[in-house]
Amino acid sequence: MTQEATDARAVPTADWVSIADLHRDPFPIYRTLREEAPVHWVPAINRYLVTSYEACHIVENDQEVFSANETDSLMKRAMGHSMLRKDDPEHQADRKSYGSVLRPKAIKQTWDAIFRNNSDKFLARLKAEGPGADLIWEYAAPYAAENLRQIMGFHNASQEDMQRWSQTMIDGTGNYADDPEVWAKSEKSSAEVDAAIDEILPRLRKNPDSSLLAGLASMPIPLDAIRANMKMTIGGGLNEPRDVLGVAVWALLSNRGQLDQVTAEPALFPTVFEESVRWIAPIGMYPRETTRNTELEGMQLPAGARLGVAVGAGNRDPKVFDDPEVFDINRPKKPHLAFGGGNHFCAGAWVARASVAAIALPQLFNALPNLRLDPDQPATEAGWVFRGMTSLPVVWDQP
Amino acid sequence: MAKLSFHHNDGNVDVLDVDTGASVMRAAVTNGVPGIVGECGGNAMCATCHVYVREPYLASLPEISDDEEEMLDCTAAPRDEARSRLGCQLVLDNGLAELEVDVPDNQV
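If you read the sequences in order, they're chains A and B. If you count by the UniProt record's numbering, then the first sequence holds residues 1 to 399, one letter each, in order. If you count by the UniProt record's numbering, then the second sequence holds residues 1 to 108, one letter each, in order.
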């Protein structure tokens, strides 16, 4: 547990780590770091990087010492001050404003049918493109974006708008290089989201539906909080289902035995989902800041230390998971860190499970006989703060 | 103080004396009781602090809220209509000064 720093170990510096290498493949770097210490100072990212399961777990369960309300946060600049950068009780007030829109009952009553319909629609688009099509950009991304658009209640926007808003604002939250062009695009999207919210709220107030914005329209929530939380939701709510879907398909198509097992027993798709997010967490790192001098898993940290909590690394900690670098749906079930934990546990976790594990994966493998990787075009993956497939060309047998 | 017992499938029992006001989930997690995860920190959002309450205590329990109700349908181990509860929603207080629960085989 955390305590005042006393005889804790000094944090080693990892000056050999570069952002380019992390972006290409963070996992060998994480393994080397973790073998030396659970926390490193990493000059390239100007943060202390937390890579052990135990240390990540401690951080996410102690908001008094490890605050989400980061100083000079790029996310606050790109999206406003959302609940993701607040501690309780402010966080809790925002979180409660989401009501039950993202919870299992609403998913069953309202969203499942909509997800199924959207999956049909974009499966048809993928099929029309024909073998060799990119599963990420013809199916996973528009499917995740359209689901999110409808859940949020952006009836005055398109799924393409959602994708553009999400990507450009996320690029802003990760703009450590302070690139003015990245800020310009992020600010343009931010203004577009504000305009869309201003336009839709009065309409939803008059004609409420099951969406998130309709719920918020009837509550006494400051507009700034609505705007910031909607932008955060556009960011996280799109990438995560898109990327877990892509990674799950890629992992199965690369592991024929496990694919055969799942095809024979579709009840295993939820297991595929959980193993996919353990193996490659779509949100691989998030920031925290220490509020006082402290000790984290035996390592000394000063007050005001900026942390990168690498849950993507914690999820491959061999102290918790045997043979952690391997994708294996038959490993013993254990809790992973991919949805975060404590008060910031992902509010969209059940939506992601429903839309990806219960609908998209079974429909996809059912609709495309003998689905396999395209031997002529390689699949690519990238990222460390967010990680997922950047292309996944696939082929299948046409009737 | 309240007395809280966790019965495990291997026959082991963890008995805790906890401050009134603590939830079953919080007491388990802070005292390292195995088999209780509490991923969402007590927001009735993750269903990883599922317990089966033992018979003599069922009448003393608080009512099941809508949030807890829907989450009990999402537990990894089968729901027992009479005995299943989320540990984060069971707060030890003067009306519930003693409690015994069975810990399910799995939470994820």
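Check each hint, because a few of them may be wrong.
[As the list claims (entries may be wrong)] The calculated label-pair distances, taken between Cβ atoms and stated as ranges, are:
#, chain 1, residue 1, chain 2, residue 2, range
1, A, Ser-158, B, Ser-5, 39 to 49 angstroms
2, A, Ala-20, B, Leu-58, 17 to 27 angstroms
3, B, Ser-5, A, Glu-54, 20 to 30 angstroms
4, B, Thr-30, A, Lys-333, 17 to 27 angstroms
Note that these hints are calculated values from the structure, not bench results. No experiment lies behind these values; they were computed from the predicted model shown. A virtual CB, placed ideally from N, CA and C, is assigned to each residue, including glycine.
*Which hint numbers does the structure go against, in order from smallest to largest?*
1, 2
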